[in-house]
Every structure is written in structure tokens, then in C-alpha cells.
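Go ahead and model the full structure; you've got the sequences and the hints to work with.
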Amino acid sequence: MGQELRVPVIETARIYAIDMIYNDDSLTVCYFGNIDGAASTYNVGLIRMDTAGNVAWTKDYDLTAYTSDLSYKVLRMPYGYAISGYGVAPDRDLFILAVDLDGEVLWANSYGTPGAAEFLTRTVTPNAVAIGSHILFTGTQEITGDQNIIVARVDATGSMDCDVVSPIDVVVTSIAPFSMSLAPMEYPDDVPFIAGPIETNTVLLVDACMSLAPNLGPDTMTCEPYTLSAFLQGATYLWSTGASGSDIIVTEPDTIWVRLTMGCCTGADTVIISGGMMPEAIISATVPSCGDLVQLASLSTGATELIWELGDGTFQTELEFDHLYPGPGSYSIYLMASNSCGSDTTLQVISFPERPFFTITGPSVICDEAPVTLSMSYGGIDELHTLWSTGDTTSSITIAPVDGTLIELNGSDDQGCEFHAEYLITLATNDVIAAANVPNVFTPNRDGSNDFFGPMITSGFKEMVIYNRWGQVVYETIEPNKPWQGDCEGTPSPDGTYFYIIRWENECGGIPGEHFGHVTLLR
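Under this note's numbering, read the sequence shown as residues -9 to 513, first letter to last.
Do not rely on the hints blindly, as some may be mistaken.
Said to hold, decoys possible - Distance ranges between label pairs, derived from CB positions:
1) N138 <-> A42: 38 to 48 angstroms
2) F311 <-> G406: 19 to 29 angstroms
3) D393 <-> T336: 57 to 67 angstroms
4) G224 <-> T31: 33 to 43 angstroms
5) R143 <-> D40: 29 to 39 angstroms
6) Q338 <-> E466: 31 to 41 angstroms
It is worth saying that the hints were derived from the structure and are not from the lab. Beta carbons: idealized from backbone N, C-alpha and C, even for Gly.
This is the structure in C-alpha cells:
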């Protein structure tokens, strides 16, 4: 059986079928030509039919940007069909025409370079394949006599990277379905064929992007900062470090790559920098607004070993740590960062002001139950806010004394530092006096709580002497408002047990006396 597909009545129509695809139990034929045989210009078109040749629809497409249009391939796409080919004049450009399943135009784009011709050198040559919803097509580009193979890829909307896309208008002509039966014709089974001489050709394909291949040089071992350059006139750069200039300086071992882009071309290279770089010592010191506990960290680069000298006779080798300084003053912190290439040192000076004091003052001896006044005493604190355990916020309070009552005072400043003081009310009778009201443990770590040791008396106080375990005097005072801070002539005393003598005059009518005891120092 056979079918002749032709334009009714117009016997001189010239259309050339160049491709056919099968899908959904039907055929789609792609052609170029002219339905009016008298015309010398061509359009492209599609004919949809069943497998018996019965036509469902025919669409003839005139790409108005060109005097003639030549099609070479029809593709079945998720959205319908795509025809690839090229326009003949005025400037030969490759084109893609996309239509839906009924042959209605979705989009049409031409692809070419101004001043150049893109075309196929042989007629009726398929030049496109479908990759999902994308189309990959090829052709020939001719520039000033040179002809090169080109390959392009477009997405489902006909767009590609590089701005060489030009939308084109399409005039669609629908042709009524037509077909007629043909009588089968016989052909001989054997067709003689004499092979001619085989021509051999050597073809050299030149990659237009070959010149965009950067060269970072061989892998390198160095202990110094190393400069890498990928300069190429007109290129843009992206390094593995995030830099976008033509050169970078590498300061530590790393694997470095660079990617160059120029137009549609890209090039890349990678180099390994190993061995080591000179370290750089960097100190980070966070000095708190309260207390003497400093947070220290090394931000050094390229270091494999660290040695800290903290300015108070102590050393460290850790990357980061906290350090408690013994008291107010300035301290010089040295850091040496080392590796196999050498070492680097740096210095940072930190300072602590005089420690603030915060306490409650009141009568050292309470002989009866008459009201007593307690006052806060402080120094080295700005913008102090206080709260007594009685609920008062004044600088002093007057209360009726009750034996054994503990009065507490809490304070804070605008920097968030907190302070605490206590006063124990003890009613003295004859031989019982407040001089004995001292703690048996204190912690002079400057945290604002239990930092001092001494009797809770003012009037009647005569003397306090502190001894170490060998009987040596480490502290003595005749002033009640100068308690022991846990040091000996400015040098912090070690943890341990110390012995004390407190002497007083009994202001409640008794005789002078003294009190012996021991206290444990813990930091």
C-alpha cells in the first residue's frame, strides 16, 4: 500500500520531506519547500498522520526573518515538537521552532553571531537531539572564510548561556488534510553498486577556548607567602579561596584552584602548595569587666606549637584557656608561634585597676537591744545599685538588733559586676564579744563573695595578727576596716591553714581580751 501526501489541486507544489518520527501510534513528517510551486522561497512545515498515512493536520511555517527556511530535524519534546534548521538570507542563522501537539507555535529563536554565518554544509542532514526538555544541535560557523563546527544547547524556552538568541516571528498556514492512495511499485531485488576510490581526509578541529587554559605552575613546597597568577586579558576569575582577582597570595598549605571565564569559554587549573609557611602569632585577650579572670586564645596562622608567657611568672601551651591574675596592675603577655619554617612572636599588655571593695560597717559590739545603724562602705565602683536583705535600697539602715541575725547587702554596677557583703548581729554580754565572729574559711579569688578575712567589729578592735604554719607573721593590722586579703606584702599567699590572734577591748564593761583561731585559705 502507499499514500501520496500532496496539496490538493496545486500539482506544482514543491515540498521535501526531510525527517519523520513515530510516537503515540502516529507519524509526524517534517518538510521544507513551498506549497506554491511557482515560488522560489521555502518555508518549513509539519504533517501529522496515522500509520496508514491518513493526515490529521498540516502546518506550514514561514519564519519571517529569512527569505527562505530550511528544516533538517523534527524532535518529539515534552511540550510537543521542535524543528531545527537554518534561515538562508539575509544572514544564515540556525533556528529552533517549538510547537505544541496541535502544531501551534510556542516560540521560535535564531542562534548566530553577528557578522558570521551558521548553517549546515550538506542538505537534509539531521542536526539536533533531544535531552529531556533541552535540545542539543550542531552546525557549521563560517567567519572570514574559516569554517568550524559549533555545538549549542538550549532549554525548554529556547534560551542558552551567552547572548546570541534572537526571537523570530512565524506566520502559520493551516492546510486541510489530504492524501491519496498509490499503487505499489516493484523494484529489482539487486542493485549493482561499484565502489569508487576511497577519499581520505585529515581534519583538524581547533578548540576556540583552548587559549583560556590557565597555568598555575607545578605543585610547590615553600615556607614563604606564595603568589599565584592566572592573568589573561579580558577574563574574569574565581579562586577556591573566594577571591576574584587575577592574583592571590597563599599563606598556608592548601590545594588551590582557579576558574577563568571569557564569554562562553571557561578554563581551570589546580596547584598544591605544601611544606609550610612562616607562622604569624596573634593574641586574643578578653579582659572581663569584673574580676581578674582573662580569656586568652591564639588566633595564630600556620602554627604547630605555641608557648605563652603570661606576665605573672606562669606559662601555657594551650590554644585557648582562662587565666586568673593575682591582682591589679599591668601584665605583658608574650606568645611565640612556631612551625618547621620558623617562629613568630607578639606582645599584648593588659591592665587591671585597683580592686573595688564593698562591705557593711556597724558597731563592733552591741551591748543591748537598742536600735543600731548599719551602713554600706565601698570604693572603686561607679553607679552602684544596692539592695539590703531587709528590702531597703538606701545607703544605710537602722534596725532593732536580734542576736544571730545575718544582714546581707547585694550590689551591682552598670557593667554587670555584682558585689556581696554580710553583717552578723551578735549581742555581747560581759565576756561574749563580736571579735570572735570570724569565718573559718575564706576565698580571696576576687569574685565579690567572701574575699576578705577579719573580725566583724569596728569599735573596741585593737589588733589582728596572721601567722603561717611555721609561725611567721604574714599579715597584721590595727585598723578594723583593713581585713586580710590573702597575701603577704602584695604576693598571693598559698592555699592552706593559717593561725590568727585578735585582740580587743570589751566595750560592754568587761576586761580586754584576745581570741585565737585558725582559718583555711582557698582560692
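To see whether the hints hold, each was checked on the structure:
1. N138 <-> A42: 38 to 48 angstroms: holds (45 angstroms)
2. F311 <-> G406: 19 to 29 angstroms: holds (23 angstroms)
3. D393 <-> T336: 57 to 67 angstroms: holds (60 angstroms)
4. G224 <-> T31: 33 to 43 angstroms: holds (41 angstroms)
5. R143 <-> D40: 29 to 39 angstroms: holds (33 angstroms)
6. Q338 <-> E466: 31 to 41 angstroms: holds (38 angstroms)
Checked against the numbered hints listed earlier, the structure breaks none of them; every hint is satisfied.
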